[in-house]
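Protein chains: 2
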Amino acid sequence: MEKLDAIFSPESVAVIGASSTPGKVGHDIFANVLRGEYKGTLYPVNPKARSILSVRCYASVTDIPDPVDLAMIILPPKAALKSIEDCIEKGVKGVVIVSAGFKEVGGEGAEIEEQIAGKCRAVGIPLIGPNCLGVINPSSNIRLNASFSTRIPHKGNISFISQSGALCTAVLDFAADRGFGFSKFISIGNKADVEELDLLKYYHKDPETDVIMIYMEELRLRENFVEEVKKITSGDRPTPILVIKSGKTAAGAKAAASHTGSLAGTEAVYNAVFHQAGIIRVDTVDDMFDFAQAFSARRMPAGNRVAIITNAGGPGIIATDMTEISGLTLARFSRETDEALHKHLPPTANFSNPVDVIGDASRDRYENALEAVIKDNGVDGVLMILTPQSMTDAIGTAEAIVNIYKRTKKPITCSFMGVVDVSAGVKHLQEHHVPVYRFPENAARAMGTLHESTRWLKRRILPQYELNFDSLKARKIIDDCLASGKSVLGEHDGAPLLECYGFKPCPMKLAQTAAEAGQIADELGYPLVLKIVSEQILHKSDAGGVRVNLKTRKDVEHGFTEILENAFTYAPEAQIDGILVQKMAPAGEEVILGVNRYPGFGHLIMFGFGGIYVELFKNVVFRLAPLGRNTARRMIRGIKGYEMLTGFRGKPVADIEEIERLLVGLSQLVTDNPEIKELDINPLFVHEKGSGATVADIILTLERE
Amino acid sequence: MEKLDAIFSPESVAVIGASSTPGKVGHDIFANVLRGEYKGTLYPVNPKARSILSVRCYASVTDIPDPVDLAMIILPPKAALKSIEDCIEKGVKGVVIVSAGFKEVGGEGAEIEEQIAGKCRAVGIPLIGPNCLGVINPSSNIRLNASFSTRIPHKGNISFISQSGALCTAVLDFAADRGFGFSKFISIGNKADVEELDLLKYYHKDPETDVIMIYMEELRLRENFVEEVKKITSGDRPTPILVIKSGKTAAGAKAAASHTGSLAGTEAVYNAVFHQAGIIRVDTVDDMFDFAQAFSARRMPAGNRVAIITNAGGPGIIATDMTEISGLTLARFSRETDEALHKHLPPTANFSNPVDVIGDASRDRYENALEAVIKDNGVDGVLMILTPQSMTDAIGTAEAIVNIYKRTKKPITCSFMGVVDVSAGVKHLQEHHVPVYRFPENAARAMGTLHESTRWLKRRILPQYELNFDSLKARKIIDDCLASGKSVLGEHDGAPLLECYGFKPCPMKLAQTAAEAGQIADELGYPLVLKIVSEQILHKSDAGGVRVNLKTRKDVEHGFTEILENAFTYAPEAQIDGILVQKMAPAGEEVILGVNRYPGFGHLIMFGFGGIYVELFKNVVFRLAPLGRNTARRMIRGIKGYEMLTGFRGKPVADIEEIERLLVGLSQLVTDNPEIKELDINPLFVHEKGSGATVADIILTLERE
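Chains as they are written, first to last, in the working numbering: chain A, 1 to 705; chain B, 1 to 705.
The following block holds chain A by itself, in its conformation from the complex:
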């Protein structure tokens, strides 16, 4: 028995704050449970009424003579608090607070919410809300509609979690319109106690749920969220999770010192979380339903090779386009398939993919064509397109598809175009859980999403690198910096820190005079770089504080003097720690690694190409720490222009494994030292395969959380 059973499948429900006045929430919720033909027992609670909608009313939940599983509370904050105490006394097993006026208004409301959540948690009663729309379970042996919605949806295998109550009604209406059913439906409001992860785990275990949809406004990330959700999306019985996350363009982190900081906003965080957890993000409610329908059939394509069967050229082209845009390819048919198609189709048909059975096709040609291609080992899934024409037999074709569908394990998605003429066929397909869409592009995109999910499920998992880090030394460097009040670190302090986690900075030494610089230069060897070191000068180049490719002692000494002069002009007040004399990094591909701490989520690790790529094109990938080899690997492979590392146009193949190791090291560095707020390693020169990588510049800021 799961705790949340009390919420979704209670044997008895008390509506506390039930009312006789239509239009009041306390009336509507009570009426909806009652009229929804709830299979359990329903008790109204209201000290001022004798009965509500003819049902005997109780003054308090404690007066109810029988056990109560679920309490729906529709009361203002103070009264809700009191009633929670009653519920605990009564031994209620689950609570939903529908009313608003709590944390979302702040002040006393927020305080009371915290008290209520605390009381529930202390006795282990799950609490939904406050400020939510309620809960629906259309299962025939429950039929619980404890919500604002007057209609209870059909039974289906999709479960829904919504943070917004307002969206729920629209989603229910939309689902009714498209013939969708739900398994469980809940609005979670302020999430004072039960939140997404609890429900995801519950839905995952629920045998009646095959797909999960979430509408999310903000996520409070628990530490193990990513790992726990990964188990749901890719375990033994993976459950696909589709999410709409609103607040996309919300302003990102502002006024950051590093590139990483300026690029890491809300969007980067959420996309990283979703990617790592295997959650599929969608943009619109339409897409969510399109994809949910495909997943709810519980069939995944083994690969990306799709056959298209159509009775009209235009829609076939549209489907082909969207197929390729969605990461699928058109299957090439075997000789057997080709022969079978020639045997069953008229000579004017198109026998190669997309197969065109021609406008005057009736049921037979569709059936024979599908029969032929579905058997082909080179076909992973089929798209069936039907346009109503004079000889078209929509219902017959639908029956044929369903018959074949039952005998195969391959996914089929259909587009029966038109609303009226094809409705009988569409209904037949829906009844037999064959995904069907109005337009071919939707059917193709849905198949593409299934395939993406297959790739996630079949992703390669390599053993972790065995890496040794000197975390004690790193800790000491950071403690020393913090103790001396340093908050912005350059290479001088940053390089030894990074060395503890496997990075290789260029050899360097700080010089205080031109003569000393010259001497260091001779020791290190040429060519060399000079860089000013000052906490007040972050953008060294802008200040004329950098000289590169110096080849003689004379150049070094001269450069030293110039830099000092420039710095004085640029920032007369700056305190100069000295000038760093640094061996020039050997040539390599210029990449950037970075870190940004995001409140509530921890450290985001960034990877991208350096220079103009990061500055102008913002072509970077983020993942949340901690990350291991496999995440690092997918990060690097996910960057646009990845080919630059794999031997593009005669470039040497770069040491990609070294970047992987360094990303893992970076992740460990910031996990061990949460004081690191921002960090840019820019550029990191990645050398030829097997030759490692060299850190050429570092900027790092520390801040206690």
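To be clear, the hints were calculated from the coordinates, so they are not data collected in a lab.
Errors might be hidden in some of the hints.
Because identical chains cannot be distinguished in the list, a pair is counted as satisfied if it fits within a single copy or across any two copies.
Pairs of lysine-lysine residues, derived as DSS-like cross-links and limited to a Cα-Cα distance of at most 27 Å, are as follows [as the list claims (entries may be wrong)]:
{"#": "1", "residue 1": "K618", "residue 2": "K640"}
{"#": "2", "residue 1": "K476", "residue 2": "K427"}
{"#": "3", "residue 1": "K583", "residue 2": "K554"}
{"#": "4", "residue 1": "K651", "residue 2": "K618"}
{"#": "5", "residue 1": "K39", "residue 2": "K640"}
{"#": "6", "residue 1": "K640", "residue 2": "K651"}
{"#": "7", "residue 1": "K155", "residue 2": "K406"}
{"#": "8", "residue 1": "K201", "residue 2": "K119"}
{"#": "9", "residue 1": "K458", "residue 2": "K583"}
{"#": "10", "residue 1": "K509", "residue 2": "K554"}
{"#": "11", "residue 1": "K583", "residue 2": "K473"}
All values derive from a computational prediction rather than experimental measurement.
Since the structure of chain A is provided, determine the placement of chain B on it from the hints.
Just chain B, lined up with the frame of chain A:
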């Protein structure tokens, strides 16, 4: 009287090939005209029948005793040809051939199609089809449904052109489902005579058409297409044109010698045509209807500042996101607006944009809030979002919106979420032509498309550059090359050619021996580049055929010998014309200009950033020649990373006007010399503003068309 009136508004229609057998095309079309309550006179023509559906039948169109405006022909090719002769004899004013079996099957069918088109053209009778679905005009004084569709759509202000017959039925069904009406509806099939441009011009003049939708499979570009369509989309009475073009991922041009050639595919051509003509391309039928609805209200936002009014937070956030993604911004309210909002809304409301009138809002708050923001001079358009909650008054709110809508000129788009609860309100909005959508993201995107169109209408048009080209000299260079059998030109021939059209190549001279190279080097001055010249070696770098940054005569002579050795190893058979000694280009931003001839469309001009940007990121823009200053200007501004030319991070501002002039020159070069098949100027170094640009490398191929 327009010629096409005979097609859309005939006073009499003859159905030639009419039939009594249900299911036959000749029956269905005749029955649909008859039962659609056509206001004119209808004559069946069939030599074997006395009457069809009780209507007296004629053996030939010439037997009809009255004048015939439109002949619908449903006959196989040979019979159709005969009947066309009858039609001409009869003086029919317009012809639609519905039947298939013509050009699309090739052979005799194609020949007959050509004959038919020729005969019609000779006497000036417009011909639609063959191989099409027919024509529909729902106007109450016509009511012509000469199509396969049993239903005639509502009257509306959107006209539709479809190349695919199959899609038509689905579009009609979909429109009926969403409550859309049409002004004119036609399927054009093989386009033997009348094609898109004829219909676009006709629709543009039609006072009953405000928006045009096209479903296009392929376009045969007439020379003046872009200019003519531009007059439609941006003249005195601009008519927006929305297009779905299928065949997006069709394989592009293959095996091209130039970057431009390899990047210029079907997609590039069509996008260039649409861009230049002001046609709005959409991806899905859903989007087409969403946007058509917004345009059909005939209101454009003056700017991009949008106010959002909502009764729920979540949908408000979604709308905000999509608003910003769609190129709009949230309006900042004036003090007056702010005061008005505070006066009329409860204290818990959100007064800044998006305005949240809170879940318990009835009609009044919506009305007052809209009244306040619509008056604000800082607001260019309003998004109204309504979610059904207990106090929501969907119909009242819709009435209030309509009242205010009638008093303003600003566009308003609405999202009344949910299907059932809000349907009365939605209907009221639709009846008064206020665009309304199911989800807020659709309403926001539609507003964004309106704004994009405003930007097109208000685009800046600068006077053309006055440029002088030496077209005679250029012609001679090309003729000489063609005469000597040269098809691939490098810098040696290409540079003087480009000079005729305003380009400035680096000074250069061809050397045959190391000593000669040294002598030329001293003449030209240092630093220098050496490049091999051979028609067999196109990729000079790959062959070790390039040496750069040579600073002494010794280096040049040594480089000459090395290159010859490398070339011999790389391609022993290659005929070496010599080695080019070329002054190194002064520094500048590296861009690429290119040309590719696309069959049937002419020359595509390409602009992009050079090097890895074009090679790996394919970040380029195409436009069709001929192009002038304004198109060139928008091309350059349209490139991703345009900021690299405008002084990004301390780079000098580049000579953008010189790139504009060179694009115009390049366009003129290829217009004057259609033998140019492909051309890459890569890189062109663009210097600081006012300092021009230098061509550093050229490859050019010639081929007579």
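Taking 27 Å as the upper bound on the Cα-Cα distance, should K640 and K651 be classified as within, between, both, or neither?
both (17 Å within a copy, 25 Å between copies)
With 27 Å as the alpha-carbon cut-off, assign the pair K618 and K640 to within, between, both or neither.
This pair counts as both: shortest intra-copy Cα distance 10 Å, inter-copy 11 Å.
When no copy is specified for K458 and K583, does a C-alpha distance of 27 Å or less occur within a copy, between copies, both, or neither?
So K458 and K583 fail the 27 Å test inside a copy (45 Å) and across (56 Å) alike.
K155 and K406: within-copy, between-copy, both or neither at 27 Å Cα
Answer is within; shortest intra-copy Cα gap is 21 Å, inter-copy 44 Å.
Can you give me the call for K651 and K618, within, between, both or neither, at a CA distance of at most 27 Å?
This pair counts as both: shortest intra-copy Cα distance 23 Å, inter-copy 18 Å.
Is it within, between, both or neither when you check K476 against K427 at 27 Å Cα-Cα?
For K476 and K427, neither the intra-copy (69 Å) nor the inter-copy (70 Å) Cα distance is at most 27 Å.
Within, between, both or neither: K509, K554 at alpha-carbon 27 Å
within (17 Å within a copy, 39 Å between copies)
Homo-oligomer pair classification [K640, K39; C-alpha up to 27 Å]
neither (55 Å within a copy, 61 Å between copies)
Checking an output row: K583 and K554, CA cutoff 27 Å. Within, between, both or neither?
within (16 Å within a copy, 31 Å between copies)
What label fits K201 with K119 when the C-alpha limit is 27 Å: within, between, both, or neither?
Answer is within: at 23 Å inside a copy they meet the 27 Å cutoff, but 73 Å across does not.
Up to 27 Å CA-CA - K473 versus K583, copy category:
within (24 Å within a copy, 55 Å between copies)
Hint compliance for this structure: hints 2, 5 and 9 are not met, and every other hint is.
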